[in-house]
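Number of protein chains: 2
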Amino acid sequence: MQKPGLPKGTRDFGPVQMARRNFILNTIKDTFQLFGYQQIETPAMENLSTLTGKYGDEGDQLLFKILNSGDYLKKVDSNDLEAGSQATLNKVSEKGLRYDLTVPFARFVVMNRNDLTFPFKRFQIQPVWRADRPQKGRYREFYQCDADVVGTDSLVCEAEIILMIRRVFAKLGLKDFDIKVNNRKILTGISEAIGEAGKEGPLCVAIDKLDKIGWEKVQEELAERGFASQSVEKLAPLVNLKADLKGKISFLKEFLAQSETGLKGVAEFEEMLQILSQMGENLEHVDFDIMLARGLSYYTGAIFEVKVNGVSIGSVSGGGRYDNLTGVFGLPDVSGVGFSFGVDRLYDVLEELDLFPEESLASTKILLIHFDQKGFEYGLKVLSQLRKEGIKAEIYPDLAKVKKQFDFASKKGIPFVGICGDQEIESDTLALKNIESGNQESISIEEVVSLLK
Amino acid sequence: MQKPGLPKGTRDFGPVQMARRNFILNTIKDTFQLFGYQQIETPAMENLSTLTGKYGDEGDQLLFKILNSGDYLKKVDSNDLEAGSQATLNKVSEKGLRYDLTVPFARFVVMNRNDLTFPFKRFQIQPVWRADRPQKGRYREFYQCDADVVGTDSLVCEAEIILMIRRVFAKLGLKDFDIKVNNRKILTGISEAIGEAGKEGPLCVAIDKLDKIGWEKVQEELAERGFASQSVEKLAPLVNLKADLKGKISFLKEFLAQSETGLKGVAEFEEMLQILSQMGENLEHVDFDIMLARGLSYYTGAIFEVKVNGVSIGSVSGGGRYDNLTGVFGLPDVSGVGFSFGVDRLYDVLEELDLFPEESLASTKILLIHFDQKGFEYGLKVLSQLRKEGIKAEIYPDLAKVKKQFDFASKKGIPFVGICGDQEIESDTLALKNIESGNQESISIEEVVSLLK
Chain F
1 MQKPGLPKGT RDFGPVQMAR RNFILNTIKD TFQLFGYQQI ETPAMENLST
51 LTGKYGDEGD QLLFKILNSG DYLKKVDSND LEAGSQATLN KVSEKGLRYD
101 LTVPFARFVV MNRNDLTFPF KRFQIQPVWR ADRPQKGRYR EFYQCDADVV
151 GTDSLVCEAE IILMIRRVFA KLGLKDFDIK VNNRKILTGI SEAIGEAGKE
201 GPLCVAIDKL DKIGWEKVQE ELAERGFASQ SVEKLAPLVN LKADLKGKIS
251 FLKEFLAQSE TGLKGVAEFE EMLQILSQMG ENLEHVDFDI MLARGLSYYT
301 GAIFEVKVNG VSIGSVSGGG RYDNLTGVFG LPDVSGVGFS FGVDRLYDVL
351 EELDLFPEES LASTKILLIH FDQKGFEYGL KVLSQLRKEG IKAEIYPDLA
401 KVKKQFDFAS KKGIPFVGIC GDQEIESDTL ALKNIESGNQ ESISIEEVVS
451 LLK
Chain D
1 MQKPGLPKGT RDFGPVQMAR RNFILNTIKD TFQLFGYQQI ETPAMENLST
51 LTGKYGDEGD QLLFKILNSG DYLKKVDSND LEAGSQATLN KVSEKGLRYD
101 LTVPFARFVV MNRNDLTFPF KRFQIQPVWR ADRPQKGRYR EFYQCDADVV
151 GTDSLVCEAE IILMIRRVFA KLGLKDFDIK VNNRKILTGI SEAIGEAGKE
201 GPLCVAIDKL DKIGWEKVQE ELAERGFASQ SVEKLAPLVN LKADLKGKIS
251 FLKEFLAQSE TGLKGVAEFE EMLQILSQMG ENLEHVDFDI MLARGLSYYT
301 GAIFEVKVNG VSIGSVSGGG RYDNLTGVFG LPDVSGVGFS FGVDRLYDVL
351 EELDLFPEES LASTKILLIH FDQKGFEYGL KVLSQLRKEG IKAEIYPDLA
401 KVKKQFDFAS KKGIPFVGIC GDQEIESDTL ALKNIESGNQ ESISIEEVVS
451 LLK
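Quick mapping for you: the protein sequence lines, in order, are chains F and D. Throughout the first sequence, residue numbering follows the working numbering, covering 1 to 453 in sequence. Throughout the second sequence, residue numbering follows the working numbering, covering 1 to 453 in sequence.
Some hints here could point you the wrong way.
Pairs of lysine to aspartate or glutamate, EDC-like flavour, derived with a Cα cap of 16 Å [unchecked claim]:
id : chain 1 : residue 1 : chain 2 : residue 2
1  : D       : K381      : F       : E281
2  : D       : K74       : F       : E281
3  : D       : K75       : F       : E82
4  : D       : K171      : F       : E389
Calculated from the structure, these hints are not laboratory results.
Put together the whole structure using the sequences plus the hints.
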């Protein structure tokens with residue numbers, strides 16, 4: 001008899017994990033909807049022509065490909081065997097599993113552009129698949145949770161991203177976190193200002209290591225990457241800058257005085273702050289991080305990254321503004337801004353901080369327990385009454401020892417049992433026992449209802 | 001530039017479809033949870049060793065197989081090319097997409113048998129994939145929505161299935177439907193009683209056509225299938241039986257008097273009715289259909305099928321009791337009972353009957369509309385106030401013509417707009433307009449809140 005197993009890098013989610021994941025996902029969903037985002041779903045499978053070339057060579061390697069149905073080898077001959085797996089791919093497979101939610105969303109926008117109402121605010125919560133080497137915290141199937149607005153340049157969207165992140169974190173009980181914000185145009189401006197126009201990519205890669213390796217080593221790396229020593233010198237005041245948000249802004253206005261793009265970036269940042277202020281919102285958790293450079297090649301305006309402090313996992317959310325989501329599918333000039341939550345990472349953070357609410361674990365509120373057929377029948381009647389009041393209730397379905405029934409309740413995390421003994425049957429009550437405290441009292445069904453509601 | 005498309009047989013779900021699907025799925029989920037069922041999820045990919053051989057030869061053909069990562073051709077030589085696609089399959093693929101939720105659930109139970117609390121009530125709502133020929137109403141990716149209890153023989157589970165189906169249909173607004181119930185043991189008993197023991201399979205296939213082709217043609221078919229003419233004769237009183245539920249039961253008790261299995265089936269059916277009665281429930285929508293034979297090879301006890309009357313699509317839900325869910329994975333004697341809702345079919349039924357509630361279409365309740373920068377800024381402030389009260393609200397994010405903003409609201413199905421004109425700004429009010437009725441009045445923000453809440 002075969003012993004069943006799971007494919008490498010995939011997971012089952014049992015009842016407790018699902019309840020906890022739903023707690024996270026429902027919090028995020030509620031927030032997206034409060035801000036007017038609408039849910040869509042796209043198929044797990046996409047044509048390989050939609051997916052390939054969008055994630056770089058490495059990404060193409062990591063796509064899961066679906067074998068063509070039927071006689072999939074019919075186009076393959078011995079020459080193909082010699083040509084090798086990659087050259088032969090298009091003869092045996094034409095579909096793949098989605099690798100992220102961004103490319104399918106771009107495809108969706110292009111295919112439905114005549115029916116959508118722009119600005120279009122969509123969210124999407126679905127699994128994606130990557131044939132990565134599985135390791136701790138990295139899976140081959142995992143959920144992504146994206147929200148994007150396309151079809152507007154308004155910085156209201158950026159301000160709202162900050163508000164949505166704050167709301168989700170507040171509802172999850174997370175208190176110590178930073179929403180790092182920057183603007184790609186500021187990074188472009190900085191490379192212009194130090195005389196290395198167009199090199200913001202390597203600049204940020206090097207600067208990103210500042211915390212780990214220190215300024216001296218970063219200088220060495222910049223030199224190795226071909227930055228002139230006088231450029232690196234010009235960078236020093238920026239690296240050493242100790243200032244609050246307003247101090248950073250005035251510093252940058254001077255530092256970027258010669259860079260039109262750089263000043264535009266600062267202006268966008270200021271306008272976003274202005275909108276927050278017009279909304280009556282403060283700047284709690286907002287951290288202007290001049291060197292933040294997440295997904296540089298892609299973003300053209302604001303850049304976001306959220307870090308939870310004091311936990312082993314850092315970044316749990318991020319995003320930014322882009323200018324050309326759908327160009328690759330023939331629809332140019334679709335600007336948008338989007339962000340996403342890392343569900344697996346949030347799960348680990350909440351677990352590490354012990355922030356999952358107890359009630360998310362136990363959906364059933366009460367188990368009805370019985371000693372004999374008479375109690376069982378009484379329990380059936382009560383069960384029906386409780387459920388009609390919307391109370392999640394169960395009865396132990398077999399005649400079984402009371403200990404077994406109690407064990408069932410406690411293993412399933414059911415907080416209350418309702419004991420159907422002879423006395424209770426006579427007086428039309430339940431002996432309601434709180435499993436955690438051990439307290440027990442015989443009360444009427446109406447009282448049980450109002451207590452559990 | 002490539003024009004993007006979708007793989008054959010797959011679909012995108014846009015905002016309206018998603019809102020409607022969520023209306024159905026949330027109704028089902030709520031009901032499952034009210035009855036103590038817990039959600040699990042399993043990965044989209046399973047090892048082919050888990051999937052193959054479970055769905056018959058045709059099912060194996062319809063599995064979507066995943067190409068091995070990397071150099072997938074490395075084990076294939078020219079001999080394999082000659083041997084053909086099927087013989088070579090295990091050299092190029094070891095994983096497939098799940099074909100249903102039952103086999104993954106069986107695998108889950110076996111792998112987690114030491115950690116689960118039995119009786120284990122689980123529900124699972126996830127897509128499945130089948131390489132079927134796409135046609136109207138049949139897709140290559142579709143959601144299944146299953147609930148099963150394993151580890152108990154209690155007929156409380158059967159009674160609760162009826163109650164769950166009734167609750168879901170009531171919440172969906174469906175009124176005219178039949179829950180057809182039968183028991184496999186009754187079918188076994190009938191074939192014994194007519195002297196054709198073990199032939200309940202072909203018997204039911206033929207009888208199933210009664211409505212379409214009439215009793216005479218069915219008799220011919222039974223003869224062709226090797227039923228003796230005296231057996232067919234014995235069947236006649238059953239086929240012609242016009243009786244209510246109680247009448248059917250007493251008829252069967254006589255008809256099946258010589259079949260122990262048959263009488264057991266009747267007794268199980270009666271016990272289920274007894275439990276419903278002890279719960280204080282009536283038998284509305286319950287139809288005892290002696291010839292119902294859904295998924296015969298699989299079920300061993302109760303059999304369910306739900307038909308909505310007066311619509312083109314009939315069966316929207318079904319299930320039954322089985323004796324050996326996990327035997328194929330080495331864990332014998334796991335009895336259970338389960339049922340599922342056909343989400344795509346329910347969607348079509350609700351659409352045909354125009355039963356989708358309006359509010360499921362529009363998540364955003366109010367759009368704030370402005371004439372100029374001053375109104376925009378006032379709108380930002382009000383927006384924040386509304387959202388803090390939990391009201392799903394949006395502002396048109398750009399300075400745009402009022403008509404464009406109104407169009408946006410109406411296309412997105414937003415029921416109210418709040419106009420931020422000079423008068424409103426001065427008096428700290430909103431001109432609240434009901435898009436459908438056209439009514440408009442200027443009221444305070446507090447009044448807007450209490451009206452929209």
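Here is how each hint holds up against the structure:
1. K381/D to E281/F: Status holds; Cα separation ~9 Å.
2. K74/D to E281/F: Since the Cα atoms of K74/D and E281/F sit roughly 60 Å apart, the hinted pair is violated (cutoff 16 Å).
3. K75/D to E82/F: holds (12 Å)
4. K171/D to E389/F: Since the Cα atoms of K171/D and E389/F sit roughly 14 Å apart, the hinted pair holds (cutoff 16 Å).
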